[in-house]
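Peer 1: Residue numbers (this note's numbering): 1 to 377.
There's no promise every hint is true.
Unchecked claim - Derived pair list, reagent style BS3-like, types lysine-lysine, alpha-carbon separation capped at 27 Å:
(1) Lys84 - Lys333
(2) Lys344 - Lys333
(3) Lys344 - Lys69
(4) Lys333 - Lys126
(5) Lys66 - Lys322
(6) Lys84 - Lys126
(7) Lys69 - Lys333
(8) Lys126 - Lys69
(9) Lys322 - Lys344
(10) Lys120 - Lys66
(11) Lys344 - Lys120
(12) Lys84 - Lys66
(13) Lys344 - Lys84
(14) Lys126 - Lys66
(15) Lys84 - Lys69
(16) Lys206 - Lys126
Since the hints were derived computationally from the structure, they do not count as laboratory data.
All values reported here derive from a predicted model rather than from experimental measurement.
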Amino acid sequence: MKKHNLIIKKLATIFVVLITILSMAVVPPAQACSRLVYQGSSNGPITARSMDWLNDPGTDLWVFPKGMKRDGGTGCNSITWTSKYGSIITSSYDMGTVDGMNDQGLVANLLFLTATDYGKIEPGDKTLSIGGWGQYVLDNYATVNEAVTELQQEPFRIIPATVKDILSQNLGLDIPEDQSQLEFTLHLSLSDPSGDSAIFEYIDGKLQIHHAKEYQVLTNDPIFDQQLGLNTYWNQVGGGSFLPGTNNPSDRFVRASYYLAEMNNNWISELQKNRRNEIAAALGIIRNVSDPLGLSGFGVSTTVWRTVSDQTNLTYFFEFTKSPNVFWVEMSKLNLEEGAPVMKLENVDSLSLVGEVSGEFQEAEPFSWDLSSVLDD
């Protein structure tokens with residue numbers, strides 16, 4: 001009977017995996033990204049992510065001090081706040097925060113998710129532009145638990161933006177009609193110096209939060225519930241015998257999960273001797289689930305850049321695909337106090353950027369995620 005039940009359980013798990021893979025074959029083209037949290041060291045966690053896109057999405061790095069007055073960028077019902085924490089972030093198209101870490105070591109990563117449905121906006125709801133979602137979290141929360149506790153109350157609703165909304169406003173580009181209404185549908189992952197982790201997704205109009213320290217890996221698709229099902233199956237197969245090697249999101253999720261587990265179980269005593277080893281190991285895994293420059297196809301995009309956040313030493317590493325160098329910013333060298341200027345690092349693909357680059361930032365006006373003019377149309 002036990003053997004019979006085990007066979008049924010395995011068949012059920014395989015069925016879930018097959019359904020997941022088949023569902024991914026019918027989704028529209030999406031931009032592929034990956035995120036992982038290495039937490040096996042007493043030195044504290046490290047979060048790494050890759051950004052996959054059709055081309056460079058106008059990437060810049062920014063330093064935001066605490067005490068900045070913000071609003072949701074959606075008109076009269078916009079949520080407003082004043083930033084409690086300073087942060088270093090990566091922006092896309094001068095319209096949104098897609099990655100970053102605040103001065104408490106909280107890391108936010110936004111990844112594409114085809115199935116996202118932000119839901120209906122009811123009269124009186126406070127609203128927030130999708131471009132401000134990541135920054136709102138970095139500005140307001142020190143830990144994952146704090147963010148989960150408050151965000152599950154849904155203090156705002158997300159207003160999505162289309163490709164046309166963002167690109168035509170900010171870059172003045174002509175957008176092909178078949179791409180102009182594609183929405184920036186995203187899910188959000190958070191991690192903090194304790195190793196805690198949470199995934200926020202809007203599915204069928206409802207906010208779903210997955211909160212647990214073991215949620216170390218996230219890819220863009222499928223929805224996170226189904227990603228967890230993939231791990232259940234591959235843990236039984238054993239990655240040492242056979243590991244999926246394609247660039248689709250489900251395979252990337254499995255590979256990242258496998259290598260994280262192997263690194264924690266087998267190499268931790270060696271890695272702990274040097275924080276630099278741990279940073280290199282995390283970067284090695286995120287490279288393993290990256291797509292090479294020039295790769296294209298249905299649902300496939302080139303990896304444009306990668307980040308690694310050392311949440312203990314508050315150091316933000318950045319690797320641009322077209323550059324042979326990795327550079328980083330030590331937050332201890334930044335002025336994040338209230339009243340300090342906003343600072344910007346442009347041309348992150350420059351071959352001259354290498355090593356610690358906090359001195360390369362220049363004072364600048366902050367970008368805007370404002371969608372009010374679009375909403376008024």
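Peer 1: Taking 27 Å as the top limit, are the C-alpha atoms of Lys120 and Lys66 close enough?
Peer 2: At roughly 32 Å apart (the allowed maximum being 27 Å), Lys66 and Lys120 break the hint.
Peer 1: Assess, step by step, whether the Cα of Lys344 is no farther than 27 Å from the Cα of Lys84, and give holds or violated.
Peer 2: 20 Å, holds
Peer 1: Holds or violated: Lys66 and Lys322, Cα atoms, limit 27 Å.
Peer 2: 32 Å, violated
Peer 1: Between the alpha carbons of Lys344 and Lys333, is the straight-line distance 27 Å or under?
Peer 2: 15 Å, holds
Peer 1: Given the hinted pair Lys84 and Lys333, is their alpha-carbon gap at most 27 Å?
Peer 2: Holds, at about 19 Å.
Peer 1: Holds or violated: Lys322 and Lys344, Cα atoms, limit 27 Å.
Peer 2: Within the cut-off at roughly 20 Å; holds.
Peer 1: Quick one, are Lys206 and Lys126 close enough, alpha carbons at most 27 Å?
Peer 2: 16 Å, holds
Peer 1: Between the alpha carbons of Lys126 and Lys66, is the straight-line distance 27 Å or under?
Peer 2: 23 Å, holds
Peer 1: Does Lys69 pair with Lys333 here, judged by a C-alpha cut-off of 27 Å?
Peer 2: Holds: Lys69 and Lys333 sit about 23 Å apart, inside 27 Å.
Peer 1: Taken at face value, is the distance from the CA of Lys69 to the CA of Lys126 at most 27 Å?
Peer 2: 16 Å, holds
Peer 1: Is the Cα-Cα distance between Lys344 and Lys69 27 Å or less?
Peer 2: Within the cut-off at roughly 18 Å; holds.
Peer 1: Against the 27 Å threshold, does the CA-CA distance of Lys344 and Lys120 hold or violate the hint?
Peer 2: Violated: Lys344 and Lys120 sit about 35 Å apart, past 27 Å.
Checked against the numbered hints given earlier, the structure breaks hints 4, 5, 10 and 11 and satisfies all the rest.
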